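Asker: Below, each chain spelled out in residue letters.
Number of protein chains: 2
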Amino acid sequence: MVVSASEDPSNNDNAINALSGEEIHQLLKAREDRYDGVEVDVENMHNDVRRFASSLKASITHWARQGKKGVWIKVAKEQAKLVPVAIEEGFWYHHAEPSYVMLVLWIPKTPCTIPDNASHQVGIAAFVYNSKGEVLVVQEKCGPYKDSGLWKMPTGRIKQGEGIKEGAIREVREETGIDTEFIQVVGFRDGHNAPFGKSDLLFVCMLKPISFDIVIQDSEISAAKWMAVDEFAAQPKMQQSKLLKDIASVCVANMQGRCRGFSSIEIPSRKPSAFYCSAIDTE
Amino acid sequence: MVVSASEDPSNNDNAINALSGEEIHQLLKAREDRYDGVEVDVENMHNDVRRFASSLKASITHWARQGKKGVWIKVAKEQAKLVPVAIEEGFWYHHAEPSYVMLVLWIPKTPCTIPDNASHQVGIAAFVYNSKGEVLVVQEKCGPYKDSGLWKMPTGRIKQGEGIKEGAIREVREETGIDTEFIQVVGFRDGHNAPFGKSDLLFVCMLKPISFDIVIQDSEISAAKWMAVDEFAAQPKMQQSKLLKDIASVCVANMQGRCRGFSSIEIPSRKPSAFYCSAIDTE
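Line by line, the protein sequences are chains W and X. Under the numbering used here, residues 5 to 287 are what the first sequence spells out, in order. Under the numbering used here, residues 5 to 287 are what the second sequence spells out, in order.
What the hints contain is simulated information worked out from the structure, not anything from laboratory work. Source: prediction; values computed, not measured. Among the clues, some could well be false.
Where chains are identical, the list cannot tell them apart; a pair therefore holds if satisfied intra-copy or between any two copies.
Stated by the list, open to error - Keeping only pairs whose Cα atoms sit at most 25 Å apart, straight-line, the calculated DSS-like set for lysine-lysine is: (1) 249 <-> 150; (2) 156 <-> 136; (3) 61 <-> 212; (4) 61 <-> 81; (5) 241 <-> 78; (6) 163 <-> 212; (7) 241 <-> 275; (8) 229 <-> 150; (9) 163 <-> 78; (10) 145 <-> 246; (11) 275 <-> 150; (12) 163 <-> 73; (13) 241 <-> 145; (14) 145 <-> 73.
Input sequences plus hints: build the corresponding full structure.
Answerer: Below you can see the structure in the form of structure tokens.
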């Protein structure tokens, strides 16, 4: 028996109860997407494993007949019992966020064109320099430079939905209490050693302080201070790493006007977006 | 009863069978991580929901007594029945890849410091120009510019673990059959409209062709050709979008030597990594 997909399953309790003993093949509610696929709505579904299993089986047959390709099911944390049911039907994991896991299935025999999930984490390193030629540096309580004696620039992760310059300003304020203005991105590292096989971009940002009293973040930072730029770049730990040395050279050169970075141009968009590039010479 | 965590549960069938009627509280095998947390090894565990539930409960109590903080459980697709059990014990989703879902729990009352999962997807737009002042352009079969008449640069997603310049070279070859050499990154867009709430970086790359016969990718591209740069930038669709116009201006200026981009410097690393920055003036 196939019940119309447009009916809300939660309103069909009586009809379904009347079927006791028969197999229940009610179709799952689903929205069509722009890529000949469907997105299943399990928001209002009963957390009933047996009913979900029979509906899912019937629905896959139905979608296959309709020529549908990708099937997406977003399963809330509270509905986790449905996860093994979907896996049993051939679904795999696409991505997960704290409150849900997204499962996908590719129905046709053609190569699967479902896009990969997010591939990168993004961080910033903030070079904050004042008019005395000093740079804002910190020592960290954990991480690879803990107890190394290295005075380093503040660094941190950009949050999902956050802009690079906004993230740089936030991290400097959190770690040191210093408010800053963004100037330029002078370089970025394209790396691939982030946790869980993810890739990792680090943007090196130049910033100008607009407040001067250091207040350190106790949980992460053991010390912070203003340090002469030459002294900063000459630290042995800085000179031993090609990457740290390159980053310091570019920052110092930019500060001295010997190296151009990318400035930020706002883009009209629903969420704050920007295009970063060099100034164009007009001669 | 608490059995040593170092014993392999799969070797304890006899001991466990002898306990029938008693509660089984065998501890889960786990490795300590660098952040006072533990990573649970469920690779060799029986896919036995009841046993997993009782072991997980006992293990959480044990880790709490030890002062452990974050608990990570990687559950393979084949073990999906264990997912609802962990959720029931307070775990949530951290991330998922096609073959597994990673679950996490934060034991102490202190704020959770478990890092977020990957936040960004990364793409490239490739400006490939030849010595005649022509740029390589395509028309797409799907996406936002389908049927728009716009001749656009080849674009595409960077894969997890892939470098930006390598990804740009690959995408151009896939879409047009043209082999290229990477020159510079001239800008990037920091956007936040990717699927599933993710952020989205697009790197604009300058490349030089090293082969010249166009062979289009039938599945994605409807046409490709070399187009005079002035004609490319003057397209009405290009002039109507501030972002597209800015990108075209920067590319043309870079091609004419009026705008500096970031070149790539290799970084010694386990996986191919690079630092991108401007050249430093030495005067």
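Asker: Hints first: check each against the structure and report whether it holds.
Answerer: Quick rundown of the hints versus the structure:
Taking identical chains as interchangeable, the C-alpha atoms of residue 249 and residue 150 lie at most 25 Å apart only when both belong to the same chain, with a minimum of 19 Å there against 46 Å between chains. Taking the closest pair of Cα atoms, residue 156 and residue 136 come within 25 Å of each other only inside a single copy of the chain (18 Å); across copies the shortest separation is 47 Å, beyond that limit. In this assembly of identical chains, residue 61 and residue 212 lie within 25 Å of each other by CA distance neither inside one copy nor across copies; the values are 60 Å within and 51 Å between. For a Cα distance limit of 25 Å, the shortest separation of residue 61 from residue 81 qualifies both inside one copy, at 22 Å, and across copies, at 19 Å.
Taking the closest pair of Cα atoms, residue 241 and residue 78 never come within 25 Å of each other, the shortest separation being 47 Å inside a single copy and 36 Å across copies. Within a single copy, residue 163 and residue 212 get their C-alpha atoms as close as 22 Å, which meets the 25 Å cut-off; across copies the closest is 35 Å, which misses it. Proximity of residue 241 to residue 275 under the C-alpha cut-off of 25 Å is restricted to the inter-copy arrangement: shortest distance 22 Å between copies versus 40 Å within a copy. Taking CA atoms no more than 25 Å apart as the test, residue 229 paired with residue 150 passes inside one copy only; the shortest distance there is 16 Å, against 54 Å between copies.
Taking the shortest alpha-carbon separations for residue 163 and residue 78, both the intra-copy value of 23 Å and the inter-copy value of 24 Å come in at or below 25 Å. In the homo-oligomer, the alpha carbons of residue 145 and residue 246 lie at most 25 Å apart inside one protomer (24 Å), although the nearest pairing across protomers, at 44 Å, exceeds that limit. Taking the closest pair of Cα atoms, residue 275 and residue 150 come within 25 Å of each other only across two copies (24 Å); inside a single copy the shortest separation is 36 Å, beyond that limit. Only between protomers do residue 163 and residue 73 lie at most 25 Å apart by alpha-carbon distance; the minimum there is 22 Å, versus 33 Å within a single protomer.
Taking the shortest Cα distances, residue 241 and residue 145 sit within 25 Å of each other inside one copy (17 Å), while across copies they are farther apart (52 Å). Proximity of residue 145 to residue 73 under the C-alpha cut-off of 25 Å is restricted to the inter-copy arrangement: shortest distance 17 Å between copies versus 50 Å within a copy.
Hints 3 and 5, counting from the list given before, are not met by this structure.
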